[in-house]
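Asks: Residue-level listing of the chains:
2 protein chains.
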Amino acid sequence: MHALKVTRAEDFPEWYQTVVREADLAELSPTRGSMIIKPWGMGIWERIQGELDRRIKETGHENYYFPLLIPLSFFAKEAEHVEGFAKEMAVVTHHRLKAVDGSLKPDPEAELTEPLIIRPTSETIIGDAFSRWIKSYRDLPLKLNQWANVMRWEMRTRMFLRTAEFLWQEGHTAHVDEADAMDETMLALEMYRSVAEDVLAVPVIAGEKPENERFPGAVRTYSIEAMMQDGKALQAGTSHYLGTHFAEAQNIRYQDKDGGQTLAHTTSWGVSTRLIGGVIMTHGDDDGLRTPPAIAPRQVVIVPMLRGKPEDEELKAYCASLASELGGVSVFGSPVRALVDLKDARPADKRWDWVRRGAPIICEIGPRDAANGQVTFIKRNALREGEKIKSHTLPRADFVAQVAAQLAATQQELFAEAKARLDKSIRSDFTSFADLERYYGTEDTEGEFKGWARVPWSRPTGAALEEVGERLKALKLTIRNAPLTQPSSFGACIFTGAPGVEEILIARAY
Amino acid sequence: MHALKVTRAEDFPEWYQTVVREADLAELSPTRGSMIIKPWGMGIWERIQGELDRRIKETGHENYYFPLLIPLSFFAKEAEHVEGFAKEMAVVTHHRLKAVDGSLKPDPEAELTEPLIIRPTSETIIGDAFSRWIKSYRDLPLKLNQWANVMRWEMRTRMFLRTAEFLWQEGHTAHVDEADAMDETMLALEMYRSVAEDVLAVPVIAGEKPENERFPGAVRTYSIEAMMQDGKALQAGTSHYLGTHFAEAQNIRYQDKDGGQTLAHTTSWGVSTRLIGGVIMTHGDDDGLRTPPAIAPRQVVIVPMLRGKPEDEELKAYCASLASELGGVSVFGSPVRALVDLKDARPADKRWDWVRRGAPIICEIGPRDAANGQVTFIKRNALREGEKIKSHTLPRADFVAQVAAQLAATQQELFAEAKARLDKSIRSDFTSFADLERYYGTEDTEGEFKGWARVPWSRPTGAALEEVGERLKALKLTIRNAPLTQPSSFGACIFTGAPGVEEILIARAY
Numbered sequence: 001m002h003a004l005k006v007t008r009a010e011d012f013p014e015w016y017q018t019v020v021r022e023a024d025l026a027e028l029s030p031t032r033g034s035m036i037i038k039p040w041g042m043g044i045w046e047r048i049q050g051e052l053d054r055r056i057k058e059t060g061h062e063n064y065y066f067p068l069l070i071p072l073s074f075f076a077k078e079a080e081h082v083e084g085f086a087k088e089m090a091v092v093t094h095h096r097l098k099a100v101d102g103s104l105k106p107d108p109e110a111e112l113t114e115p116l117i118i119r120p121t122s123e124t125i126i127g128d129a130f131s132r133w134i135k136s137y138r139d140l141p142l143k144l145n146q147w148a149n150v151m152r153w154e155m156r157t158r159m160f161l162r163t164a165e166f167l168w169q170e171g172h173t174a175h176v177d178e179a180d181a182m183d184e185t186m187l188a189l190e191m192y193r194s195v196a197e198d199v200l201a202v203p204v205i206a207g208e209k210p211e212n213e214r215f216p217g218a219v220r221t222y223s224i225e226a227m228m229q230d231g232k233a234l235q236a237g238t239s240h241y242l243g244t245h246f247a248e249a250q251n252i253r254y255q256d257k258d259g260g261q262t263l264a265h266t267t268s269w270g271v272s273t274r275l276i277g278g279v280i281m282t283h284g285d286d287d288g289l290r291t292p293p294a295i296a297p298r299q300v301v302i303v304p305m306l307r308g309k310p311e312d313e314e315l316k317a318y319c320a321s322l323a324s325e326l327g328g329v330s331v332f333g334s335p336v337r338a339l340v341d342l343k344d345a346r347p348a349d350k351r352w353d354w355v356r357r358g359a360p361i362i363c364e365i366g367p368r369d370a371a372n373g374q375v376t377f378i379k380r381n382a383l384r385e386g387e388k389i390k391s392h393t394l395p396r397a398d399f400v401a402q403v404a405a406q407l408a409a410t411q412q413e414l415f416a417e418a419k420a421r422l423d424k425s426i427r428s429d430f431t432s433f434a435d436l437e438r439y440y441g442t443e444d445t446e447g448e449f450k451g452w453a454r455v456p457w458s459r460p461t462g463a464a465l466e467e468v469g470e471r472l473k474a475l476k477l478t479i480r481n482a483p484l485t486q487p488s489s490f491g492a493c494i495f496t497g498a499p500g501v502e503e504i505l506i507a508r509a510y
Numbered sequence: 001m002h003a004l005k006v007t008r009a010e011d012f013p014e015w016y017q018t019v020v021r022e023a024d025l026a027e028l029s030p031t032r033g034s035m036i037i038k039p040w041g042m043g044i045w046e047r048i049q050g051e052l053d054r055r056i057k058e059t060g061h062e063n064y065y066f067p068l069l070i071p072l073s074f075f076a077k078e079a080e081h082v083e084g085f086a087k088e089m090a091v092v093t094h095h096r097l098k099a100v101d102g103s104l105k106p107d108p109e110a111e112l113t114e115p116l117i118i119r120p121t122s123e124t125i126i127g128d129a130f131s132r133w134i135k136s137y138r139d140l141p142l143k144l145n146q147w148a149n150v151m152r153w154e155m156r157t158r159m160f161l162r163t164a165e166f167l168w169q170e171g172h173t174a175h176v177d178e179a180d181a182m183d184e185t186m187l188a189l190e191m192y193r194s195v196a197e198d199v200l201a202v203p204v205i206a207g208e209k210p211e212n213e214r215f216p217g218a219v220r221t222y223s224i225e226a227m228m229q230d231g232k233a234l235q236a237g238t239s240h241y242l243g244t245h246f247a248e249a250q251n252i253r254y255q256d257k258d259g260g261q262t263l264a265h266t267t268s269w270g271v272s273t274r275l276i277g278g279v280i281m282t283h284g285d286d287d288g289l290r291t292p293p294a295i296a297p298r299q300v301v302i303v304p305m306l307r308g309k310p311e312d313e314e315l316k317a318y319c320a321s322l323a324s325e326l327g328g329v330s331v332f333g334s335p336v337r338a339l340v341d342l343k344d345a346r347p348a349d350k351r352w353d354w355v356r357r358g359a360p361i362i363c364e365i366g367p368r369d370a371a372n373g374q375v376t377f378i379k380r381n382a383l384r385e386g387e388k389i390k391s392h393t394l395p396r397a398d399f400v401a402q403v404a405a406q407l408a409a410t411q412q413e414l415f416a417e418a419k420a421r422l423d424k425s426i427r428s429d430f431t432s433f434a435d436l437e438r439y440y441g442t443e444d445t446e447g448e449f450k451g452w453a454r455v456p457w458s459r460p461t462g463a464a465l466e467e468v469g470e471r472l473k474a475l476k477l478t479i480r481n482a483p484l485t486q487p488s489s490f491g492a493c494i495f496t497g498a499p500g501v502e503e504i505l506i507a508r509a510y
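Chains A and B, in that order, give the protein sequences. Each residue of the first sequence is one higher than the one before, counting from 1 in the numbering used here. Each residue of the second sequence is one higher than the one before, counting from 1 in the numbering used here.
No lab work stands behind these hints, which were simulated from the structure alone. Heads up, the beta-carbon is just placed ideally off N, CA and C, and yes, glycines get one too. Some hints could be false.
With a cut-off of at most 35 Å between alpha-carbon atoms, the simulated DSBU-like pairs for lysine-lysine come out as follows [what the hints assert, rightly or not]: (1) B/K77 - A/K87; (2) B/K316 - A/K57; (3) A/K5 - B/K316.
Footprint (simulated), chain B over chain A, 3 or more residues, beta carbon under 8 Å [said to hold, decoys possible]: (4) 21–34; (5) 59–70; (6) 88–95; (7) 285–296; (8) 482–494.
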């Protein structure tokens with residue numbers, strides 16, 4: 001018996017929705033395609049923001065805030081970008097409502113001369129500012145970031161993974177030349193790898209996207225790809241070298257040292273609340289989420305076993321002093337986040353609420369614990385022994401002395417578990433497309449999943465690449481990226497038979 | 001000669017726009033009515049957010065995120081609220097663009113069945129969630145907050161003070177009864193007072209708004225009012241007790257202890273990026289902004305007097321080690337935020353850039369300072385002696401030892417200066433409306449401004465209050481609030497001659 005009604009093996013997509021709901025992370029809103037992010041989900045996002053924002057600032061970027069609404073004409077400037085984004089966007093056409101026959105309607109007299117688009121991403125309006133701000137080589141590099149909500153109209157939504165509105169961070173930079181812009185592109189990618197692996201405990205593979213998977217308008221797109229427990233890939237962050245495409249479209253030129261006018265090279269890069277979906281599908285189990293301690297809004301939750309009796313007060317005092325003592329301990333560079341759960345509910349219900357949310361350490365303190373000066377607790381990432389819940393008891397002083405090490409160990413264990421799964425689930429023994437077809441052409445058996453393939457290819461382009469895409473699509477597969485770390489020699493391309501020039505990752509993907 | 005081209009005395013509104021631009025706080029964007037917030041402005045906002053968010057969480061509120069877009073029908077539910085907000089709002093009517101004759105247009109086939117409104121505030125969509133989440137008295141109080149962008153279409157915009165899009169925080173809570181909801185309303189008001197006075201160094205007067213100035217749908221509205229240097233009032237934050245109006249409109253009911261169904265009492269409260277406008281008009285001078293140290297993105301800026309010579313390296317090393325040493329000092333609970341400005345520009349230009357932005361302490365380090373182990377610096381809030389810039393020199397160890405005390409003193413001095421101005425600029429000697437008319441009926445003389453009036457009134461309501469409003473409007477005056485602190489007896493009402501029941505503040509306002 002597990003805490004969730006559906007297991008990963010039974011129905012992974014349904015399990016995912018159940019965790020989102022039961023861990024109180026988010027819920028669907030009455031606005032089609034948008035979600036309400038609840039405190040446990042928001043607390044995780046705030047910690048991701050904090051960790052990433054620190055890295056962004058330490059590497060010389062500054063935060064700005066640009067308008068939510070972008071004039072329609074801005075999207076017409078960069079042809080490929082329009083093609084990629086101009087389709088499904090929310091369009092503001094009126095600025096006033098009017099009561100007509102007792103119901104509210106957009107006021108025809110308040111129609112905008114030029115419609116405004118809710119930003120799907122901000123290259124166009126930030127590029128416009130770059131063209132005004134950048135005059136000389138002395139103004140470069142210009143490295144900025146913004147935390148914002150963006151909107152892409154989506155027909156099929158899935159919470160955190162694909163919603164019309166989502167929260168994200170978008171970095172935008174301008175540089176004197178390709179070399180400097182490429183350094184920036186790789187720096188952003190490395191920040192993302194570090195946040196994914198060191199903060200979210202989600203192992204990823206960083207690499208370059210094939211040309212047909214590039215961001216609209218980019219010269220090169222890089223991604224970090226994470227493996228979910230169903231073997232699918234989740235693109236968890238992207239970094240783009242945009243060359244001079246946006247600079248040409250928006251006239252971003254600078255006076256170089258010789259007095260000439262030169263086009264700037266730009267980059268952009270982003271990660272979003274989608275990362276939370278990745279955390280769920282990496283660390284969740286059949287009892288709910290296991291939140292990595294580094295991002296857990298509460299790292300230690302203390303549930304007093306109250307009985308509505310006079311002794312309760314003593315128990316509450318014991319728990320409060322324990323929480324306060326824990327707050328004096330430092331872990332991951334901050335005080336331990338401890339909470340005494342005094343909600344008016346049964347202690348057992350409270351325990352299971354925290355198990356489903358995945359608080360890393362859950363203490364259940366009864367009168368005997370208080371009397372003996374001890375702490376009884378469960379570790380969320382090693383919840384059970386067989387079917388039984390595994391409980392531990394330590395003298396209070398020992399518990400407090402060990403709590404930081406315990407949380408750090410949990411963080412490591414979650415990463416190691418996911419890393420072992422990733423490593424063993426990438427097959428690199430396919431030598432032909434027929435091999436691949438045989439393997440991915442069969443259904444997964446219950447509880448077993450097919451992981452990724454790592455294969456050599458000859459890096460076809462244009463029509464030849466499109467054909468590769470079609471062949472993979474028939475197997476519901478896509479090329480994820482060409483990992484940054486490559487061997488020194490390659491087998492023959494499994495698509496064309498030509499000599500391989502690099503290895504690529506192939507997977508089913510979210 | 002001052003650093004700005006226009007002084008406060010010459011043209012206060014023009015001076016304000018000049019500070020916003022020259023202190024690099026924000027600029028107008030190509031999206032009508034929206035601004036681009038730049039790093040110095042954003043850094044100030046991030047620190048306001050941090051301080052307020054901590055207080056919000058410490059008082060038991062949790063952060064959520066609700067959708068940007070609200071279905072139109074939600075606005076029809078609470079009649080007064082619609083009346084107050086349904087007019088100037090951005091309306092999304094389409095979800096796709098289409099290329100027509102080479103230009104992009106909203107696709108007629110992608111018209112939404114129900115238009116969506118960009119939130120002007122979120123009572124309606126949050127109330128809808130409350131009605132689903134609140135079942136029993138055990139679910140109360142429900143205390144939530146969200147940090148978000150909102151939009152109110154404005155015809156005349158002024159940066160930070162009134163823009164179509166702005167950033168804010170909105171608290172929304174539900175309670176079992178009026179007493180609990182009123183405690184919450186006053187708690188939020190007190191948080192705002194504390195952030196304004198203790199963090200922004202902006203003295204305020206907290207009080208209740210008259211009925212004609214209430215938030216649409218509120219039973220009682222409270223505000224904090226700050227005095228700008230031109231004598232006008234700035235409403236810097238509001239807190240609303242909404243009674244059961246929204247609960248009725250949205251069916252927010254709970255099962256009470258006796259099993260009956262009872263309407264919840266709700267509150268809402270918010271502050272926005274407008275606070276930055278208040279900081280500028282409270283602390284700015286004719287050399288730019290004087291940023292209160294508690295919210296200054298950089299508290300100590302070190303400008304090395306580089307000459308493009310080999311000795312520069314030694315100077316840079318001295319400055320870097322000074323900055324790093326300052327980073328080890330704690331002030332206002334955080335490490336001192338020090339920066340070495342290595343931008344490729346003339347040292348004198350850099351100094352003036354930081355004077356205009358209002359970095360609290362600006363160090364100018366030349367080879368002699370480095371050789372003698374000393375620090376030469378200016379204090380932004382006491383920049384000049386007569387017309388001359390006043391510079392100080394201290395042994396480096398003394399400078400480092402005193403820096404925290406110096407920053408704390410600056411924070412206090414800025415507050416004391418503004419408080420003295422507020423106190424001396426409230427006249428309470430008006431005994432009739434004719435008195436008021438005589439005083440406010442004349443033009444301000446250059447550099448002199450009229451402050452506020454504090455007068456007794458009989459708290460007229462309905463048509464009588466409207467008449468009072470009209471009489472004040474003719475003098476460009478409004479009632480700001482009835483201060484929380486009141487004397488024990490009152491003179492006659494200056495409007496009606498009837499016995500006074502409280503004192504109110506009257507002022508010109510932003």
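Asks: With reference to the structure, classify each hint as holding or not holding.
Replies: For each hint, the structure was consulted:
no.	hint	verdict
1	B/K77 - A/K87	33 Å, holds
2	B/K316 - A/K57	21 Å, holds
3	A/K5 - B/K316	63 Å, violated
4	21–34	holds (count 4)
5	59–70	holds (count 9)
6	88–95	holds (count 8)
7	285–296	violated (count 0)
8	482–494	violated (count 0)
Hint compliance for this structure: hints 3, 7 and 8 are not met, and every other hint is.
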